[in-house]
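Asker: Could you build the full structure based on these sequences and the hints that come with them?
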Amino acid sequence: MKVLAVEDSKEIGSSIRGFLVREGYICELAYSFYEAREKLALFTYDCILLDIMLPDGSGLELLKFIKTEKIQSGILIISAKDALDDKIDGLDAGADDYITKPFHLPELHARLRAIYRRKKLAGNNIITFNEITLNTDTLEATVNDVLLDITRKEFDLLLYLVINKNRVLSRQSIATHLWGDYTDNLANFDFVYQHIKNLRKKISAANGADYIDTVYGLGYKFNSSKV
Amino acid sequence: MKLVDKFTLWFIAITFLVTPITSYFFCYTLVKKIDSTETARLSEVNATTASRLGKGLPANVPGKGGATDVQRLTTALPQQRTQVRKTDVYNGGVNGMESLLTVDSYVTINGGNYRISSYNYIPSSRQVISTILGTITWKLLLIVLCVVITARLVSQRILSSLRQTMKLIQGFNVKRKVQFPKTGTREFRELNAFLQKMTDKAVDEYAAVKEFSENASHELQTPLAILRNKLELLSETNIGEEQAALLGDMQNAIEKLTKINRSLTLLARMENNEYAVSENIKFCRVVKDVLSAYEDRIELKNLSVRSDFEKNVLLKIHPVLADMLINNLLGNAVRHNVQDGHIDISLTQRKLEIRNTGLPPEMPTHELFQRFKKSNQCSESVGLGLSIVKQICEVCGFYISYHYSDQLHTVTVQFRSQPREAVRAVPGVSLVNSE
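Note that the protein sequences, when read in sequence, are chains A and B. For the first sequence, counting from 1, position 46 maps to 46 in UniProt numbering; every step adds exactly one. For the second sequence, counting from 1, position 44 maps to 44 in UniProt numbering; every step adds exactly one.
Among these hints, one or two may not hold up.
Label pairs and their in silico Cβ distance ranges [unchecked claim]:
1) I88/A x F194/B: 43 to 49 angstroms
2) I88/A x K230/B: 26 to 32 angstroms
3) K70/A x E279/B: 42 to 48 angstroms
4) Q339/B x K70/A: 55 to 61 angstroms
5) E242/B x N130/A: 29 to 35 angstroms
6) I169/B x T151/A: 54 to 60 angstroms
7) K201/A x Q339/B: 49 to 55 angstroms
8) T365/B x A122/A: 53 to 59 angstroms
9) K167/B x E61/A: 44 to 50 angstroms
10) N130/A x N215/B: 48 to 54 angstroms
11) Q339/B x E69/A: 54 to 60 angstroms
12) K201/A x K230/B: 33 to 39 angstroms
13) E274/B x D92/A: 15 to 21 angstroms
14) E242/B x I88/A: 44 to 50 angstroms
Stretch-level coverage of chain A by chain B, calculated; a stretch enters the list once three of its residues show a Cβ under 8 angstroms from a Cβ in chain B [said to hold, decoys possible]:
15) 9-19
16) 39-49
17) 211-217
Just so you know, these hints were derived from the structure itself, not from any lab. Glycine is no exception: its CB is placed at the ideal position from the N, C-alpha and C atoms.
Answerer: Here's what the structure looks like:
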C-alpha cells in the first residue's frame with residue numbers, strides 16, 4: 001500500500017511513517033498544503049492521511065482538490081479539532097473516515113486498512129491469517145473452518161489484533177477501538193482483559209493456536225510466529 | 001424600606017423639628033414688634049399733646065385715635081420721664097382677652113408738672129400665639145402631604161436611571177457586554193461609569209480565560225499525539241519488563257491527560273453554546289443505542305438490566321450531547337456496579353431514571369457533580385463525567401439529581417421543558433429529592 005501522510009507536525013509524520021513502513025507500506029510525507037498538492041499531482045497513492053490544519057491552507061481545500069482532480073485514493077482525515085462540524089464537513093467533502101488527535105497508531109492503521117479494503121480491494125471482505133478467517137461483511141470468524149461463536153466486540157477485537165499483528169497493542173488503544181473516544185478507557189481495562197480472555201478461550205476451543213500474548217505492563221500482542 | 005420613603009421620613013422629621021422653633025421666634029418677635037410700634041406711636045401722641053398744651057390748644061390730637069389723659073401733678077416729676085405699662089384685660093365679647101398698653105409721659109409745661117397718659121388696646125400674646133399655631137398646623141399638614149406625593153412622582157423620574165442600571169446588572173452575563181445609560185445625576189453617573197468599567201473587565205477576562213482554555217486544549221492535542229505515538233513505537237522496540245512497566249504508566253498518564261483535555265474542551269464548547277439546537281430528537285432511540293453499546297460490558301459484569309422505555313420521547317437536545325449524557329450515566333451505572341448487580345432504567349416523557357446497585361458513596365453526594373470530585377480519589381477515572389452530565393443538563397434545561405438509599409444509586413434527569421402542570425397532574429411522580 002502506498003500512503004501519503006499530509007501532516008504539518010514533523011514528529012507525528014515521522015511516527016506515522018515509522019509505523020507504516022514496518023508494515024511494508026510505502027509512506028511519503030507532505031508537511032504543507034503546496035507540498036501535498038504537488039505530490040498529488042505527480043504521483044498516485046492508495047490512501048491519503050489528511051490533517052485539516054495546515055500552515056498554508058486547510059486540509060478541506062486539499063480534499064476539494066482531490067475530488068476535482070478525480071484522484072481515486074482513500075482518504076482518512078486527521079483532525080486536531082474534535083468539533084463535530086469538522087468531521088461532518090470532512091465526510092461530506094468526500095473523505096472516507098476520520099480520526100482525532102491524539103490517536104493510537106494501531107487505530108490509524110486499522111482504519112487505513114478498512115478504507116483500503118473498501119476502496120482498493122473492491123470490497124474484499126475476507127481477511128485470513130493462517131487458520132483464522134475473518135469476514136468483515138458478515139462479521140463471522142472461522143478457525144480451521146469452524147465458525148466461532150463470538151460477539152460483535154470480540155470480532156472487532158480479533159480483527160484489530162490480526163490487522164496489527166506482531167504489534168504491541170496497549171490496553172488504552174484496544175479500549176478506544178472497542179468503545180470509542182468518549183468512554184473512560186482507563187475504567188474499561190478490566191473489560192479489555194475479559195474480552196481477551198474469552199477470545200483466547202474460544203479460539204483454542206476451535207483448536208486454533210494461542211496467538212495472543214500478554215505484554216507485561218503494556219497490553220497484548222498478536223504473535224504470528226506461534227504455530 | 002424604599003429609598004423614597006426614607007427620604008420622605010427624614011424630611012418630615014426635620015420639618016416637625018424646625019417648625020416649633022421658628023414658630024416660637026416668630027411669635028416672640030411679632031409680639032415685641034407690636035408692642036414697640038404701639039409704644040412709639042403713643043409716645044409720639046404724648047409729645048404732640050404736650051406741645052399742643054404748651055401752645056394752649058386742646059389736648060386731644062385729632063385723627064390719632066386712642067385716648068389721652070392729661071393730669072396736672074402737684075408732686076415733683078419722677079426720675080423716669082416715660083413709663084410703659086402693659087396689662088391684660090378681659091374685654092368680653094368677640095375680642096376676649098386683650099392687652100392694654102399705656103404710655104405715661106411726665107412733662108413740665110409753662111412751669112406746671114403734668115402727666116400725659118395715652119393708651120390703646122392691642123392683641124394679647126395669647127391671641128397671637130393661638131392664631132399662629134392654627135396656621136402652622138395647616139402648613140405642616142400641607143407640607144407632609146406635598147412631600148409624600150411629590151417625592152413619589154419625582155423619584156420616578158430621578159431614580160429611573162438607577163432602576164435601569166439595576167435591571168442591567170441583574171441581567172448581566174459575563175459572556176456579553178452591557179451599555180449603561182447616560183444620566184444627569186452625578187452619583188448615578190459615577191456609579192454607572194464604575195459598573196461599566198467593572199462589567200467590561202469581567203467580560204474581557206472571561207473571554208480571555210475562555211480563549212486560553214480553548215487554545216490550550218487545542219495546542220495540547222499535537223504534543224499529546226506525538227507523545228502517545230512515540231511511546232507506541234518505543235514499546236515495540238526490544239525492551240525489558242522494567243521498561244515496559246514504565247511505559248505502561250506513561251501511557252496511562254497520557255490517556256488520562258487526553259481524557260481531561262477532551263472533557264475540558266467539551267465543557268468549554270457547551271459554555272459557548274456550540275451545541276444549541278432547535279429540533280427534537282428521539283431520545284428513546286439514543287438511550288436504546290447507548291444501552292446496546294454497553295451490552296458487552298453489562299454481560300461481562302453479569303448485571304441484570306430492567307429497562308422500561310416509553311415510546312416517542314422527543315427532546316430538544318443536540319444528538320452528540322444526548323449520546324454523551326446517556327453514555328456517562330450508563331457508564332457510571334456499569335462501572336460503579338458490583339458483580340452480578342442490577343441496573344434499572346426507566347424513561348418516560350417527563351424523566352429518565354437510572355437506578356443501580358453499588359457500594360455506598362464515600363463523599364457528600366452533592367459534591368459529586370463538581371469537577372474533579374471523585375468518590376474514590378485514587379480511582380482511575382478522571383472525575384469530569386458527572387460535571388459534563390450536569391453541564392449538558394444545564395444547556396438543555398434539564399434538572400438532574402442523585403440520591404442513595406436502600407443500597408441503590410438513583411440518578412434522575414427531569415426534562416423540565418415539559419409543562420410543569422403535566423408533572424403535577426400525575427400522582428405518584430416522586431419529585432426529586434434535592435440532597
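Asker: Each hint needs a verdict: does it hold in this structure or not?
Answerer: Against the structure, the hints come out as follows:
no.	hint	result
1	I88/A x F194/B: 43 to 49 angstroms	46 angstroms, holds
2	I88/A x K230/B: 26 to 32 angstroms	31 angstroms, holds
3	K70/A x E279/B: 42 to 48 angstroms	36 angstroms, violated
4	Q339/B x K70/A: 55 to 61 angstroms	56 angstroms, holds
5	E242/B x N130/A: 29 to 35 angstroms	33 angstroms, holds
6	I169/B x T151/A: 54 to 60 angstroms	59 angstroms, holds
7	K201/A x Q339/B: 49 to 55 angstroms	19 angstroms, violated
8	T365/B x A122/A: 53 to 59 angstroms	57 angstroms, holds
9	K167/B x E61/A: 44 to 50 angstroms	48 angstroms, holds
10	N130/A x N215/B: 48 to 54 angstroms	50 angstroms, holds
11	Q339/B x E69/A: 54 to 60 angstroms	57 angstroms, holds
12	K201/A x K230/B: 33 to 39 angstroms	34 angstroms, holds
13	E274/B x D92/A: 15 to 21 angstroms	19 angstroms, holds
14	E242/B x I88/A: 44 to 50 angstroms	45 angstroms, holds
15	9-19	holds (count 7)
16	39-49	violated (count 0)
17	211-217	holds (count 3)
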